[in-house]
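Participant: Fit chain B to the given chain Z structure using the hints.
Number of protein chains: 2
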Amino acid sequence: MIANFNLEEKFKQIDAYWTPKIVGELNGQYVKLAKLKDEFVWHSHADEDELFMVLKGTLTMEFRDKTTQTKAGEILIVPKTVEHKPSTNGEEVWVMLFEPKSTKHTGEVEHEKTVKELEWI
Amino acid sequence: MIANFNLEEKFKQIDAYWTPKIVGELNGQYVKLAKLKDEFVWHSHADEDELFMVLKGTLTMEFRDKTTQTKAGEILIVPKTVEHKPSTNGEEVWVMLFEPKSTKHTGEVEHEKTVKELEWI
Chain Z
1 MIANFNLEEK FKQIDAYWTP KIVGELNGQY VKLAKLKDEF VWHSHADEDE
51 LFMVLKGTLT MEFRDKTTQT KAGEILIVPK TVEHKPSTNG EEVWVMLFEP
101 KSTKHTGEVE HEKTVKELEW I
Chain B
1 MIANFNLEEK FKQIDAYWTP KIVGELNGQY VKLAKLKDEF VWHSHADEDE
51 LFMVLKGTLT MEFRDKTTQT KAGEILIVPK TVEHKPSTNG EEVWVMLFEP
101 KSTKHTGEVE HEKTVKELEW I
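Chains Z and B, in that order, are what the protein sequence lines are. Going left to right, the first sequence walks through residues 1 to 121 as this note's numbering numbers them. Going left to right, the second sequence walks through residues 1 to 121 as this note's numbering numbers them.
No wet-lab data here; the hints were simulated from the structure. Any given hint might turn out to be false.
Because identical chains share one entry, a pair is satisfied inside a single copy or across any pair of copies.
[As the list claims (entries may be wrong)] Below, a list of computed lysine-lysine pairs in the DSS-like style, where the Cα atoms sit at most 25 Å apart:
#1 Lys10 - Lys66
#2 Lys35 - Lys71
#3 Lys12 - Lys80
#4 Lys10 - Lys71
#5 Lys66 - Lys101
#6 Lys71 - Lys12
#7 Lys10 - Lys56
#8 Lys12 - Lys66
#9 Lys35 - Lys12
As the structure is a computational prediction, the values presented were derived from the model and not from experiment.
Chain Z extracted, bound-state conformation:
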């Protein structure tokens, strides 16, 4: 089915941080949106690369050997197996994610923040 939607309208439907919501599907990949604030957990994905497109605010990503900043209008791609820990500098950050349907947002780590079943919005 042809999908045509506005990202800001979708973000209005998200009320929890670190809880990605699915907004689109193509070629076995999901397009997800998430609101982030403060810190997430260290994790990696064994088999999946992960794309973060920042739409609002600045995303800080810690890696074991460096830290990156990704601002609105910028894209960060994290290859599979690379450990990473997202955080924001106290602000609310909006990101769009592209990743295979199989990807869990906490990777190999089971954590209280792990959302078992992602919802479509």
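Facilitator: Quick look at chain B alone, frame taken from chain Z:
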């Protein structure tokens, strides 16, 4: 390799219309940027769904049974096999595309606008 880049900086490197450039790769998919103006050709992709995220201007997409408008900040997903014809209303439109590495931008159609080998920027 970890990639972290600014979309506007990448767009500055594009000087031709309807000529997608590759800016990222993940999970067998390419992230591409393209500047569009005026009309493209009717085409479809036999095996690949296609995502257009509009970053500037308004993208018009004709389908055989309807026409959609997708503005900056909006996403259009065209399922495989669905014939479509992109155009802009005379303005320059910037889009980000997300599609399998195998996707040709003119789909099954060989056309003077078909770019054989896409470049990375």
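Participant: Under the constraints set out in the numbered hints, which ones does this structure not fulfil?
Facilitator: Of the numbered hints given earlier, those the structure breaks are 3, 5, 8, listed in rising order.
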